[in-house]
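Visitor: Below are the chains, spelled out letter by letter.
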Amino acid sequence: MPKVTIDGKTIEVPQGTTILQAARMIGEEVTPPAMCYYTSLKTSGGYCRTCIVKVSKMSEANPNPIPKPVASCRTNCEEGMEVMNYTSPEIIEARKGVVEFLLANHPLDCPICDQAGECHLQDLSYEHGSDDTRYEFERRKFKKIDLGPFIQLHMTRCILCYRCVKVADQLTDHRVHGVLNRGEVSEISTYITTAIDNDFSGNMIDVCPVGALTDKTFRFKSRVWFTNPVSAHRDCEKCCGKVTLWYKGDDVLRVTARKDKWGEAEEFICNDCRFEKKQTLDWTIEGPAKISRHSVISANHYEKMVEPSLFKLNDIKPFEDQ
Amino acid sequence: MSKKLLTEHFGVQGIDQLPVYKQHGGYSALEKAFKKTPDEIVQEVIASGLRGRGGAGFPTGKKWSFIDKKSGKPRYLVCNADESEPGTFKDRYLMEVNPHLLIEGMIISSFALGANLSFIYIRGELLYVYHILEKAIAEAYEAGYLGKNILGTGYDLELYCHTGGGAYICGEETALIESLEGKRGNPRIKPPFPAISGLYNNPTVVNNVESIATVVPIINMGGEEYAKIGIGNSKGTKLISACGHIKKPGIYEIELGLPVEEFIYSDSYCGGIRGGRKLKAVVAGGSSVPILPAELILKTEKGEPRLMSYESLAEGGFASGTMLGSGGFIVMDETTSIVKNLFNFTRFYHHESCGQCSPCREGTAWMEKILHRILHGHGTLKDVDLLWTLQKNIDGKTICPLGDAAAWPVASAIRHFRAEFEDFVEHPEKYQDVKHYFNQIEDKQLA
Ligand SMILES: Cc1cc2nc3c(=O)[nH]c(=O)nc-3n(C[C@H](O)[C@H](O)[C@H](O)COP(=O)(O)O)c2cc1C
Ligand code: SF4
Ligand code: SF4
Ligand code: SF4
Ligand code: FES
Numbered sequence: 002m003p004k005v006t007i008d009g010k011t012i013e014v015p016q017g018t019t020i021l022q023a024a025r026m027i028g029e030e031v032t033p034p035a036m037c038y039y040t041s042l043k044t045s046g047g048y049c050r051t052c053i054v055k056v057s058k059m060s061e062a063n064p065n066p067i068p069k070p071v072a073s074c075r076t077n078c079e080e081g082m083e084v085m086n087y088t089s090p091e092i093i094e095a096r097k098g099v100v101e102f103l104l105a106n107h108p109l110d111c112p113i114c115d116q117a118g119e120c121h122l123q124d125l126s127y128e129h130g131s132d133d134t135r136y137e138f139e140r141r142k143f144k145k146i147d148l149g150p151f152i153q154l155h156m157t158r159c160i161l162c163y164r165c166v167k168v169a170d171q172l173t174d175h176r177v178h179g180v181l182n183r184g185e186v187s188e189i190s191t192y193i194t195t196a197i198d199n200d201f202s203g204n205m206i207d208v209c210p211v212g213a214l215t216d217k218t219f220r221f222k223s224r225v226w227f228t229n230p231v232s233a234h235r236d237c238e239k240c241c242g243k244v245t246l247w248y249k250g251d252d253v254l255r256v257t258a259r260k261d262k263w264g265e266a267e268e269f270i271c272n273d274c275r276f277e278k279k280q281t282l283d284w285t286i287e288g289p290a291k292i293s294r295h296s297v298i299s300a301n302h303y304e305k306m307v308e309p310s311l312f313k314l315n316d317i318k319p320f321e322d323q
Numbered sequence: 043m044s045k046k047l048l049t050e051h052f053g054v055q056g057i058d059q060l061p062v063y064k065q066h067g068g069y070s071a072l073e074k075a076f077k078k079t080p081d082e083i084v085q086e087v088i089a090s091g092l093r094g095r096g097g098a099g100f101p102t103g104k105k106w107s108f109i110d111k112k113s114g115k116p117r118y119l120v121c122n123a124d125e126s127e128p129g130t131f132k133d134r135y136l137m138e139v140n141p142h143l144l145i146e147g148m149i150i151s152s153f154a155l156g157a158n159l160s161f162i163y164i165r166g167e168l169l170y171v172y173h174i175l176e177k178a179i180a181e182a183y184e185a186g187y188l189g190k191n192i193l194g195t196g197y198d199l200e201l202y203c204h205t206g207g208g209a210y211i212c213g214e215e216t217a218l219i220e221s222l223e224g225k226r227g228n229p230r231i232k233p234p235f236p237a238i239s240g241l242y243n244n245p246t247v248v249n250n251v252e253s254i255a256t257v258v259p260i261i262n263m264g265g266e267e268y269a270k271i272g273i274g275n276s277k278g279t280k281l282i283s284a285c286g287h288i289k290k291p292g293i294y295e296i297e298l299g300l301p302v303e304e305f306i307y308s309d310s311y312c313g314g315i316r317g318g319r320k321l322k323a324v325v326a327g328g329s330s331v332p333i334l335p336a337e338l339i340l341k342t343e344k345g346e347p348r349l350m351s352y353e354s355l356a357e358g359g360f361a362s363g364t365m366l367g368s369g370g371f372i373v374m375d376e377t378t379s380i381v382k383n384l385f386n387f388t389r390f391y392h393h394e395s396c397g398q399c400s401p402c403r404e405g406t407a408w409m410e411k412i413l414h415r416i417l418h419g420h421g422t423l424k425d426v427d428l429l430w431t432l433q434k435n436i437d438g439k440t441i442c443p444l445g446d447a448a449a450w451p452v453a454s455a456i457r458h459f460r461a462e463f464e465d466f467v468e469h470p471e472k473y474q475d476v477k478h479y480f481n482q483i484e485d486k487q488l489a
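Line order of the protein sequences matches chains H and F.
Here the first sequence stands for residues 2 to 323, where the numbers follow our numbering.
Here the second sequence stands for residues 43 to 489, where the numbers follow our numbering.
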C-alpha cells in the first residue's frame, strides 16, 4: 500500500492506484481536471493532458523528480511519491496552455449547443483557462453526422478524448466506430456513416465530455437547467436499470446513466432504458437526484460561465451547416 | 579517413547478393555468435558501448538486458526501418546497398534476445528497398541462415519484412508496434515499455537499422575492441547523412569524435560550403534537434572545438548545444532563410502528428499557421512571442516525443535567430523570394 502525498496531503492507496485516483480519494481541492480519463473504460486517459501534475519525488527508493509533467491519470503511485498539482505554479501555467490548445479549434458556441450547462469543457475553461484566446485563425468545422436514429455526432465540438472510441471497443460487440485521419484533421467516425446499432451505443453520449455526441431524442427540447433530474430504476434484462430521468413538468425529456461526483456514469445503461422508456409508468421513482459538481443546475456556476469576458462575442457564430 | 565498419564493402559490385557478401566475410559473425551463449552476446554488445542509432542514443546492450525473459512469453525483435525524419537517409542506403548486413545483424540479435520471430518494419515509400530485402531474406532462407534449426544449432528464426503506410509517426517505437499489429499507428502511453509489453503484448525490442547492423562488426571484432573506437561515451562509428549547401552531400561513416569543422570542410567528407559561401547554421541530427548557428556548431560556448559525438554536440544543453540524433546533418549557408526553413519543418510536424494528444495536435497546426502568416508578410512581433510560448506549452507535455520534436526547432530557431524573425515581420518586402517559393507550394499543401 504505497503512501503518496499530493499538494501536501498524504494518503495510503492500494497498489496500482493512479495519481488521479489518489487525488480523488483525498478530495476535490487537490484533484486535477480530467477530460479523457474515464474510470470504467480501460486504457482511457493520457490524451487530453489536462490532468498533468509535477512529480517532485518519484518514490522513497528513487527520490529524484520526474523532469517532465506526467499525466496523472496514467501514472501509478509509488511508495513515498510526492506530487504537486495546484501548489505548482508551473503546472497551473502548463495546464492553461493545454486548455488553450483544447479550445483553439473549439467553436465555443455554447448558446446554441445542447451540452451547455453540463459541459466539462465549459467548466474546464472557466476553472483552468485564461480569459482570452490568442487563436486568430478560422476554426475547423465539420458537418453533423447521424449515427443511427438516436445519436448525433457534431465533430466540430469534439475534443478527441477517445472515450466514445473506447465505449465502442469495450461495450459494444462490433466496433464500427473509430478515428479517421490524423493530426489536426482527425475525426471520430463510423467510417461509412451507417447506423451504430447496438444495445449499449447510447453510452457514448454520456461519456462525451462535450456537445459532440448528443441524444437526438432530446436535442433542443429544453435547456438542461430547465429540467429536473430524478433517480429511478426498473427491472431491465440488459442493464442495471438504474438511471436519472430528466423531467420538464410531467414529461420525461431524456434518460441518462447516473453520474458520480466526477461526472462519470456509475453504471452504463442500455439503449432500451435510455431511448425507449420515457413514461413515468416505466419507472420506479426514487426521488430527486443529487446534483454533481459538473452538472446542470449548479445554477450560479452556470451563470458565471457565460460571463461575456469568457467568450469573445464574435466567436459565437451560428453554424452555416446546421 | 576513419575506420569503415558498416560501409567497408559498399563499393563491391553485387554485395547485395549472398555469395558476394559471403566472399567478403559475410555471415562469419553469425557463425561466431552461435559459438557463444545468448547472454555472452548481450555482454559483448554492452561492452561495445553501442548506443542506439535511431535518435535517442540509448545504450543498446542495456536495452537488451531489460527484455523480460522470466515470464516465458515469446519475445520479438523489431527493426525500425521507418526512417522518415527530414535530413536522415542513412538506413535506406545501408539496406539498399548491403541488405545482408542488416539480416545478419537481425539473426545475431534475435538469437541474443531469444526471439524466434522478428520483423523489419520498413517505411512504405521505400518499396524498392523492401524488394531488395525480400530477395536477400529469401537467399538467407535458402542458405539455411533463417528458418528452422539454423546451421544445425537448433535455433529457429522466422524473419518478416513489413511495409508501413508511410507515416513518420510509425517510426516511434510503440506506434510502430501498433501499426505492425495492423492498427492505427498511434503511439502507446508508456509505461509499460516494449521490453515488458510490446508487440502482441509480449516482450519486444525495437532497434534502429544501423544499431542492428553494427552488431555484426561488434561480434566480428569483439565488444572491447569496438569500444576503443570513438570518444568518451560515444563509441564506434556512425553513419551521417549530410545534405544541404555542401559540396559533397551523401552518406559518410565517421568515427565518433571527429571535429565538426573537419566534417564540414574536409574533402574527405562534406568538402566545404557550396560556392565558397559562408556557413550560417547546421541542424546536426535530423530535423528534430535544435538548429545551431555557425559559431556554436563549430565551437562550444566554452570555445572548445565541437565534435561529432553524443556528448560534445549536447554540450551546453539546449541553450547553446544540440544533439547527435539520428545523424541527419543539414547544412545551411548564408543565403538560407531560417524563417522559411522553420516553416518547412513545422509544416512537416503538423502533417505527421497523429493527433492523439491536444498539445501536439493543436499546437503543431497553430504554429504552422502563424509561420504561414509571417511568410506572407502579415506577421507581427507578437507572433514571434506567441510561437515561443506555444512551443513551450507543447514541449514535454505530450504522449510521445513527436511533440518535443516539433517544439525544439521552433525554440532553437527563435533562440538563436530572433533578430531574423523580427526583421522578417517588420520588413517582409525584403523577403519576396521566400514569398514566391511559398506561393508555389501553398495551393497543394494548405487546402
Ligand atoms: C516521431 C518519432 C519518429 C521516429 N522515427 C524513427 C525512425 O524512423 N527510425 C528509428 O530507428 N527510430 C525512430 N524513432 C526512435 C524510436 O522510437 C526508437 O527510439 C528507436 O527505434 C530505438 O532504436 P535504437 O535504440 O536502436 O536507436 C522515432 C521516434 C519518434 C518519437
Ligand atoms: S461543447 Fe458546447 S457547451 Fe461545451 S464548450 Fe463547446 S460549445 Fe460550449
Ligand atoms: S465525440 Fe465526444 S467522446 Fe468522442 S472523442 Fe469526441 S469529445 Fe470524446
Ligand atoms: S505527441 Fe503528437 S504524435 Fe505523439 S502521441 Fe501526441 S499527438 Fe501523437
Ligand atoms: S485525463 Fe489524463 S490525460 Fe486526459
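Heads up, some of the hints might be wrong.
Label pairs and their computed distance ranges (CB to CB) [to be verified]:
(1) F:Lys424 - H:Ile93: 20 to 30 Å
(2) F:Glu73 - H:Ser60: 51 to 61 Å
(3) H:Ala62 - F:Glu267: 46 to 56 Å
(4) H:Ser60 - F:Lys112: 36 to 46 Å
(5) H:Ser41 - F:Pro347: 55 to 65 Å
(6) H:Lys97 - F:Gly156: 40 to 50 Å
(7) F:Lys112 - H:Met59: 18 to 28 Å
(8) F:Thr422 - H:Gln16: 30 to 40 Å
(9) F:Ser310 - H:Gly17: 38 to 48 Å
These aren't lab readings, by the way, just hints derived from the structure by calculation.
We put the beta carbon where it would ideally sit given N, CA and C, even for glycine.
Visitor: For the range 36 to 46 Å, tell me whether the beta carbons of H:Ser60 and F:Lys112 fit it or not.
Guide: violated, 22 Å
Visitor: The hint says 51 to 61 Å between F:Glu73 and H:Ser60; measuring C-beta to C-beta, is that right?
Guide: violated, 46 Å
Visitor: So the hint says 38 to 48 Å: do the beta-carbon atoms of F:Ser310 and H:Gly17 match that?
Guide: violated, 57 Å
Visitor: In this structure, is the beta-carbon distance linking F:Lys424 and H:Ile93 contained in 20 to 30 Å?
Guide: About 23 Å separates the Cβ atoms of F:Lys424 and H:Ile93, which means 20 to 30 Å holds.
Visitor: Could you tell me whether the CB distance from F:Thr422 to H:Gln16 stays inside 30 to 40 Å?
Guide: The hinted range 30 to 40 Å is violated for F:Thr422 and H:Gln16, with Cβ atoms some 53 Å apart.
Visitor: Should the hint that H:Ala62 and F:Glu267 are 46 to 56 Å apart at their CB atoms be regarded as holding?
Guide: violated, 37 Å
Visitor: How does the Cβ-Cβ distance of H:Lys97 and F:Gly156 compare with 40 to 50 Å: does it lie in that range?
Guide: Between H:Lys97 and F:Gly156, where Cβ atoms are some 48 Å apart, the hint holds.
Visitor: So the hint says 18 to 28 Å: do the beta-carbon atoms of F:Lys112 and H:Met59 match that?
Guide: The hinted range 18 to 28 Å holds for F:Lys112 and H:Met59, with Cβ atoms some 24 Å apart.
Visitor: So does H:Ser41 sit 55 to 65 Å from F:Pro347, Cβ to Cβ?
Guide: This hint holds: roughly 59 Å between Cβ atoms.
Hints 2, 3, 4, 8 and 9, counting from the list given before, are not met by this structure.
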